[in-house]
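Asks: Just so you know, the sequences run in chain order H and L. Reminder that position 224 of the first sequence reads as 224 in our numbering, one-by-one numbering, no gaps. Reminder that position 272 of the second sequence reads as 272 in our numbering, one-by-one numbering, no gaps.
Be a bit skeptical, because a hint or two may be false.
Unchecked claim - Far from chain L, some chain H residues (derived; all Cβ distances over 10 Å): (1) Ala14; (2) Leu38; (3) Asp42; (4) Cys47; (5) Val49; (6) Thr77; (7) Glu138; (8) Ala202; (9) Gly207; (10) Ser208; (11) Arg248; (12) Pro258; (13) Glu291; (14) Thr295.
Claimed, not checked - Per the computed footprint, the stretches of chain L lying under chain H, defined by three or more beta-carbons under 8 Å from a beta-carbon of chain H, are: (15) 88-94; (16) 99-105; (17) 190-201.
Note that these hints are calculated values from the structure, not bench results. Every value quoted in this text rests on a predicted model; they were computed, and no experiment measured them. For glycine and all other residues, C-beta sits at the position ideal for the given N, C-alpha and C.
Protein chains: 2
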Amino acid sequence: MLGIDPDPQALWPAASRAGARAASSQQRAALATRAHCLALIDAAGCCCVAAKFQLACFERLGVAGAQVLIELLRYATEAGLLVIIDGKRGDIDISAAAYGQALFAGFQTPFGWVDGMHADAATVNPYIGRDGLVPLREAARAASGGLFVLVRTSNRDAGQLQDLCTVESSGTTRAGLAAPPAGSRARAVWERVAEIVAELGAGCLGGSGLSDVGAVLGATVPAHLRRARELMPASIFLMPGIGAQGGRIEDLAPAFEPGRAGGLITASRSIAEAHRHAGGEPGDAARSEAERLRTIAWSLAD
Amino acid sequence: MLGIDPDPQALWPAASRAGARAASSQQRAALATRAHCLALIDAAGCCCVAAKFQLACFERLGVAGAQVLIELLRYATEAGLLVIIDGKRGDIDISAAAYGQALFAGFQTPFGWVDGMHADAATVNPYIGRDGLVPLREAARAASGGLFVLVRTSNRDAGQLQDLCTVESSGTTRAGLAAPPAGSRARAVWERVAEIVAELGAGCLGGSGLSDVGAVLGATVPAHLRRARELMPASIFLMPGIGAQGGRIEDLAPAFEPGRAGGLITASRSIAEAHRHAGGEPGDAARSEAERLRTIAWSLAD
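Chain H extracted, bound-state conformation:
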């Protein structure tokens, strides 16, 4: 999967000249970002099944960034890519429903239909709990889309909360001093999230046998993948962290146990910035790197 996380400091040189005549720095940055992302999709899209857009990179470009994002989402869809919107949203029910409207089909208002971003899938955050995820799943499902719930992420401090060892308990501890009940079963926080993912995705399995609620699992923690597959047998695993974050694609075999579609490996900087290491024209280097990653991933799935 092609990760699209554009940084105005690191655009491909030809793209930086787009928009030079625009009136504001916001517009110049957004138009150059647009040209960069179009070229990236043209170069590497053919080697990928999906494009993942990091919303933060567009939000920091303001209104012009919002406009460019809409254009790029449409371009990626028309290029035959699945579109994954990586915003890691999460909120209480009424606000989660609003995010669902924004990310997927849109919504009806007294002023007419207001279109959404038409994602094929979106990343979401589980901290709020199940009732914050259900409206997002409903919005995704109504649009034949899906979710990827953060389960165990790829960053250095991911384990600080996600790996905490939990035991069965009747509720909150008092004053932090209560002992856990004797004989209680221990599970990591991320394993509890995995159980929610499996439950939310049940009952909507497509022809492939995969559910519409997937999991984000960092490629930097391959040791967790086998356990994650036990807990979420039908979920697609979205795996960031290859390359710049240190993950190795060769370690991800358990994700592909249900078949090729069981895992989506996402690479952003390692594709977009391949020319910095490999030399040559940025587009050629990006395509070569995307092809290399695809070949390794398919070999794991066979």
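Following the hints, position chain L against chain H.
Replies: Chain L only, in chain H's frame:
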């Protein structure tokens, strides 16, 4: 605090007529939303110290919503209100930094300075871990702003992860069957988050003795507030859940122990929709409800 969560289905009648001539339904909805929010700020802003903008409600209005949000943020600031952007963002370091640029001052690009949203504070999600929060804190701090980290939220299923009982452990459990170490200390997940909040806010106390890293604590779980105050003695508590979600303002006294500024009570629907219960003109009803909530809150702090 005035919560601004506009729903195109429930705008004040006079506002619904704004933008009637705009070309697209997105623009009509966005302009009507803009008129509604301006009237709400005019009516109730004088009784509040801050305005909290729910990003989901603007994101679902697309590019036109992004434009309207920028105008409203500026209007609220010029009306003398602190501006809190409620987006509950959270991502790995590089993307968290991009959100920080979007939410606070903006950032330098080769195309010139691109302005951010100039929030006084933003809500953020802790699931990623400490290294996902630090770049947001840095962006906030550089702009003399702050963060509110989700600690214990106000929704029905909030406890599903946040109240899980955790014990000290060397890492992830295997196969979910390991027993917790004997004699280990039990704490809820939210208490662990509270400890991170206290640590992140240390070292930057203003003249009031309050830190720049606050906590979101649902007004629906007042039993947690005293324990939260022990764990986060210098944090401002942002408390949603009054009114529509069932929380009672009278139960929130522990939040105000450090003084009036120790707690921010946020009400959205109960102010904007006060006229549905109280009758009368929407603006008058909103102002009366905001005044009523303020009087109760101040009485708790005295």
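Asks: All the hints need checking, so say for each whether the structure fits it.
Replies: Structure-based check of all given hints:
The beta carbon of alanine 14 of chain H is kept farther than 10 Å from every beta carbon of chain L, the shortest such distance being approximately 14 Å. For leucine 38 of chain H, the shortest C-beta to C-beta distance to chain L comes to about 17 Å, beyond the 10 Å cut-off, and the non-interface label holds. No beta-carbon of chain L comes within 10 Å of the beta-carbon of aspartate 42 of chain H; the shortest separation is about 22 Å. The Cβ of cysteine 47 of chain H sits about 23 Å from the closest Cβ of chain L, beyond the 10 Å cut-off, so the non-interface label holds.
Every C-beta of chain L lies more than 10 Å from that of valine 49 of chain H, the closest at about 22 Å, which supports listing it as non-interface. Chain L leaves threonine 77 of chain H outside its interface by the beta-carbon criterion, the shortest separation being 16 Å against a cut-off of 10 Å. At the 10 Å boundary, the C-beta of glutamate 138 of chain H stays outside the reach of chain L, the nearest C-beta of that chain being 15 Å off. No Cβ of chain L approaches the Cβ of alanine 202 of chain H within 10 Å, the least distance being about 17 Å, so the stated non-interface status holds.
Its beta-carbon lying about 31 Å from the closest one in chain L, glycine 207 of chain H satisfies the requirement of being farther than 10 Å from that chain. Listed as outside the interface, serine 208 of chain H is consistent with that label: its C-beta sits roughly 27 Å from the nearest C-beta of chain L, beyond the 10 Å cut-off. The claim that arginine 248 of chain H lies off the interface holds: its Cβ sits roughly 18 Å from the closest Cβ of chain L, which is beyond the 10 Å cut-off. At roughly 20 Å, the least C-beta separation between proline 258 of chain H and chain L is larger than 10 Å, which holds for a residue marked as non-interface.
For glutamate 291 of chain H, the condition that its CB be more than 10 Å from all CB atoms of chain L holds, with the nearest at approximately 25 Å. Chain L leaves threonine 295 of chain H outside its interface by the beta-carbon criterion, the shortest separation being 27 Å against a cut-off of 10 Å. Check on the segment 88-94 of chain L: 7 of its residues sit with their Cβ under 8 Å from a Cβ of chain H, so the three-residue criterion for coverage holds. Under a criterion of three residues with beta carbons nearer than 8 Å to beta carbons of chain H, the stated coverage of the segment 99-105 of chain L is upheld, 3 such residues being counted.
Against chain H, the segment 190-201 of chain L contributes 5 residues with a C-beta closer than 8 Å to a partner C-beta. That satisfies the three-residue criterion, and the hint holds.
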